[in-house]
Amino acid sequence: MFAAMTPELLQAAAASNQWGAIFPELALGCLALLLLVLEILLPKSAHARIPVVAILGQLVLLAVLLWNFAPTGLERDTFNGLLHHSRDGQFMRAFFLVSSILVCLLGTVALAKQKLPRVEFYHLVLVVTAAMMLLAQSNHFVLLFVALETVTVGFYILVSYFRASPLSLEAGLKYLIMGALSSALLLFGIVLLYGVAGNPALPGHTAEAMNFNALNAFLAANPDNFLAKAGIVLVLAGVAFKIGAFPFQIWIPDVYQGAPTPVTAFLAVASKAAGFAVLLVLTLRAFAPYATLTVPILSVLAAATILFGNIAALTQHNVKRLIGLSGVSHAGFLLIGVVAAVSTPLALGAVYFYLAAYLLATFAVFGVMTHVAGANDAEQELDHYAGLARDNPFLAAVLAVGLGSLAGIPPLAGFMGKLFVFIAAFKAGLYPLLTVAIVGVVISIYYYFGWIKAAFFEAWRAPLQEGEIDDRPARTPVAWPAGVTLGLLALCTVLLGFYQGSFGEWLLTR
Amino acid sequence: MTPVTQALLVLLLPLVSAAVIALFLRRQGGIATLVSVSVAAALAAVSLNLILGGERFTASMEWLRFGNFAVSLGFKFDDLAAVMLFVVSFVGFFIHLFSTGYMREDAARGRYFGGLSIFMFAMLGIVFADNLFMMFIFWELVGFSSYLLIGHWHERQSASDAAKKAFIVNRVGDFGFLLGILMCYWVHGTVNLTELGATHDGGGIIYSRLIPLLLFCGAIGKSAMMPLQVWLPDAMEGPTPVSALIHAATMVAAGIYMLCRIEVLMVPDALQVIMWVGTTTALYAALCAIVQRDIKKVLAYSTLSQLGYMVAAFGLGSSSFELNGVAIAAGVGAAMFHLTTHAFFKALLFLGSGSVIHGCQHEQDIFKMGGLKSKMPLTFWTFTIGVAAIIGMPGFAGFFSKDAILLLALQKNPAVFAILALTAVLTAFYMVRMWKLVFFGATRSEHAAHAHESGFSMTLPLIVLAVLSAVGGYSGIFGRIAGSVAYLVPHAEGADHTTILIVSLAVMIVGAGSAWWFYKSDATDTLEAKSRGLFRGLTVLKESFDVLYDYYVAKVQQRFAMLLNFLEQIFLAGLIIRGCAGLVGLMGLGGRALHVGSLHAYVYWFLFGLVLLWAYAAGVF
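Same order as they appear, the protein sequences are chains A and B. For what it's worth, my numbering labels the leading residue of the first sequence as 1, then goes sequentially. For what it's worth, my numbering labels the leading residue of the second sequence as 1, then goes sequentially.
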C-alpha cells in the first residue's frame, strides 16, 4: 500500500494538510483522551494526579499558543472555508484556554467535597473548550452548529454533574430543554437562510450558502429580503440564548444555581464569551449587509438586558443566582460594544478587553465562592459570607477586588473595560444606550456592595442555642495553588486597571 | 545613582515604609519601629548626600491630562529645597530615634510609626514639589498625617477633638490656598514654580494682590497664623515627639517654605499684609505663653510666636532690600535662616520637654515639677542650650537668625521693630520662667520626686540637636547646607550692627532677668498671685478666639446645618432617593417573580420573547 504512494501524491497530500492550523484544538482533544487513558492505566491511588496532568498540559499548551501567537498564515480560511483564522480567533483561543485552566483548578477544590467520579469532569471541560475554540473561528454554519452542539451537549452533562443533588439534575434538565429549543430556533434560522440563498430566482444566489463569505455576498445583493430577515432574527435569538440576553435569559438563575460552582463559572465566562465571539463574527461578517436590521435588534436587546439583569439581581439572596443575573447585565454591556463595533472599529477591542476583565473578576469571585460553599453546592447564601473578612482576609480581599471590578469601580480592570466600551459607544453615537448603561451601573453597585458588605461588616446573629447546629457551611481552607491563582487574578485585575500597556494597545489599535 | 533617582528614593522610601506597616505590621510594633526608623535613617543619609553633592536640578513627568490642562509631578530641587530637605530629613530622623524610647510602652506603636512614615512622605513631597498642584496634594496629605498623629491616643476625648480641630481649621486655610492656585492657573496659565518665576505679567491690579494673599491663606492655616492659630496649642494632645516634628520643626514651617517658593508672585501690598499678620501673631502668642501651666503649651505658643517672626521676616524683606547695591530677597533668607535654627532648637526643646514628661510619668504641669536639674542632668543641660538659643544668647543659633530679622525690621519699619523687640523680651521672659520652674527650686510633686534620666535613644537626639542649636547659626554650617539661600540673609553693618547688638542683648537680659527674679518656685503662678488682673486679662486674651469660634460653630453654623439637614432628610433623602430605591426594588421583586422555576413557563416565555423580538424586527412597534 505504501508503495503506491508516489512522491507527487505525498507532496499533494502535504500541501493540502491544514491540520497544523487547528493544532491547539487537536492537542486539547488528545489531552482529553489521555486523561481517560490514564484513568484506566494508573492505579486508583494515583488518580488524584490526573487533574494535575490536565492543568499542566493546558498550561504547556497555553505557553505554546502564546509563544507562537501570530503564526504565518493568519487571516486565512482553512478546510474549504470552514474555519477562518484571525488574531481575534487567537485571542479567543487563549481566552478559552485560560478559562478552562481556571475551571479545572476550581474543579479540584469543588469536587473534593463530593463523592463522585473525578476524571470525566476534566475530560468534558477540555472537549468543550476545544469545541469553543472552533466555534469562535467558524466561518461556516455547519461547523458553527456542530461546534455549538458539542459545547452544549458537554454542558448538559457538566451542569448535572452532581447527580446526587436534585437541584443539579433539575438544572441539567432545564438546560437540556431550553438548549434544545434554542438550537432548534438557530437551526431553523440557518435553514431559512440556506433556502433563500439557494433560490435560483434571486440575484447572487449561491450553492455555498452556509459559508459566511458567500452568505454575505448574497445578502448584499438582496437587501430587505423577508426570509433572510426571518432567518437572521432566529439565528440571533439562538445566539442570544447562549449569551443570556433578555428575553432569552430565563434559564440563567435556575441553571446557574443548580450547576456545580466551577461549571457555573464556565457557563458565566467561557460559554458567554463563545456566544459573543459568534455574535461578533455573524454581525460583522455574515450579516454585515443587514446592519439596519441587526443594529436595532441588538440595541433593544442590550438595553433590556442591562435593565433586567441589574434589577432582577437586586433582590437575590443566593449568590449563584445573583452572579448569574449580574452576568446577564454584563452581557448587556457587551452587546453595547457589539452594536458599536458595527460602525466603530475601536469597539471590537473594547469588547475583548471587557471580556478579559470580566474573566479575571468573575473567576476571582467564583474562586472565593468555591471556598465558601459547603457540600450542598446549590445553597450559597449571602449570609454565609458574614465574617469572611475577619476569618479569612485573603478571600475577602479577593472577593472585594473581583466584585469591585465587576461593578466597575476605578481603578480596577472592570472599570477600564466599561470605560472603553462606553467610549466606543459614545463615538458610535449610541447616546440612549449609554444612558441606560449608566443607570444599570448605578443599580449594580447596590447588589455588588451588598455582597461586599456581607463579607466585611458583621450583621448581628442570634447566638446559637445549646445543641443547635450552625447552618452555615464550614469554609474550605485555601491550598497554595488556588491561593496563588486567586492572588494572581486579583493582582491582574488591579494592574490591568492601572496600566493596560501593550496588551491594551494590541487589543484597541486595529 | 543619579540625583533624580536619589530624590525619588528619598520621597518613596517613607511611602513604602508606611504601606508595609499599614498592611502587615499594625500589630507588630517592634518590627514596625525598626522599619520606620531604618527608613528614616536611610533617607537622611541619601538626603545628606544629595544636599552636599551640590547637584541642583528640576525634573518632571506628566501625570494626568485633561484636554490641554496637564497635571505634572516633578522635582524642583534648588538651594531652598535643600535647606528644607535637610531640616525635614535630619530632624525627622532624630525624632524617629527619640520616639523609639518615648513610645516604647505604647500599644499602638505600629500605627504611630506608620503615621510618622506617611508624614515624612507627605512633607518631602512638599519640599520637592515643582508645581503648586503637586504641593497642594502633599499639603493635604500632611494635614491628614497630622490628623492621624495628633489623634494617636484617640481614646482620650481631648485628643480626638484636637485632631478634628486641627484638620478642620486647616481646611479653612486650604480653601483659600486652593482658590489661589486656581486663580494663579487662570491668570498665568501655569502653576509650575519655575515657569511662574519667568512670568512678569502680574495679571492686573486685583489679581496681582489677590493671588499671593489667597496662597498666603494656606500658610495661615498650616503655620497657624492669626486668626487660625487656635489649632496648634490643642494639637499638643499628640505624643511629644509628634509635637516636636510636626508642630514645631517641619509641618508648621511648611507655610513659610511655601511663601518662599512663591516669592516671585509677591507684590508690596501683599507683603505688607503678610508682615502685619506675622508681627501680630508673634506678639499675641508670646503674651499667651506667659500664663500657660502646661510645659508643652508654653512651647506651642512659643512656636506660634517664632512662626510669626518668620512670616514677619518674609513680609519685611521684599526684593527691594539692597545689599551692596544689589537687590536681594532678604526676607526669604532671613525667614529660612530662622526656620532652620528654630527647627533645631524648638525640636530640642520639645524633645527635652518629652524627656521631662517621660521622666515624670506624664506629668505636664510645670508647677508640679521643679528641681529636676540634678535628677535629669543631661536633659537639663541640653534644654538649657535650647533656651539659650531661643532667647537669643549671643553665640547660639537663635541669636544670629533673630538678629537678621530684627535688622530687616529696623531698616524697613520701626513699628514692627518695636513690636518684635517687645516680643523678644516676652520670649526670654516665658522661657526663663519655664526653665526655672522645671529645673530649679524644690520638687513639688510625687511624680517629679521620682523623675529619672531617660534612656540613650532619647538622650542622643537631645545631644545632637543641642550641638546644632549651639552652632547651627554659623555660616560654616548653615552656609554649607543652604548654598545661595545663605547669601540672602541680611548682615548688619556699621551703626545698625551696634544698634541691633545692643537691643537684642538688652531685651534678652531684661526678659530673662525679670523672669528669674519674679517667679518663685511655688505650686501657684506668681503672676496670678501678685497681679490677678493682668493674669486674667492674658487668659481671656488667649481664650477669646476659641470662645468666638465656638459661638460661631455652635450657634450660627450648627443651626444653619440643622436647617439644611432637615430639608435634605425630607426632600433629597426622603422623596427622591428613597422613592427611587423603592421603585427599583419593586421592579426587582417583579423580575424575581418572573423566574418561577417551572419549565413550562420558561418555554412559553422563551417563545413569547422570540415573538416580541420578531415583532420588533418587523416594525410592529
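Treat the hints as calculated values from the structure; they're not laboratory data. Predicted model, so just to flag it, every value in this text is computed and none were measured. Heads up, the beta-carbon is just placed ideally off N, CA and C, and yes, glycines get one too. Among the clues, some could well be false.
[Claimed, not checked] Derived DEER-like restraints, expressed as beta-carbon distance ranges:
id	chain 1	residue 1	chain 2	residue 2	range
1	A	A14	B	G597	52 to 60 angstroms
2	A	K453	B	D161	46 to 54 angstroms
3	B	A70	A	I445	24 to 32 angstroms
4	B	T58	A	V484	37 to 45 angstroms
[To be verified] In silico contact screen, one side only, chain B against chain A (beta carbon under 10 angstroms); selected entries:
id	residue
5	G590
6	L599
7	W605
Results for each hint:
no., hint, result
1, A:A14 <-> B:G597: 52 to 60 angstroms, "57 angstroms, holds"
2, A:K453 <-> B:D161: 46 to 54 angstroms, "30 angstroms, violated"
3, B:A70 <-> A:I445: 24 to 32 angstroms, "31 angstroms, holds"
4, B:T58 <-> A:V484: 37 to 45 angstroms, "43 angstroms, holds"
5, G590, "8 angstroms, holds"
6, L599, "6 angstroms, holds"
7, W605, "5 angstroms, holds"
Violated hint: 2 only; the structure is consistent with all others.
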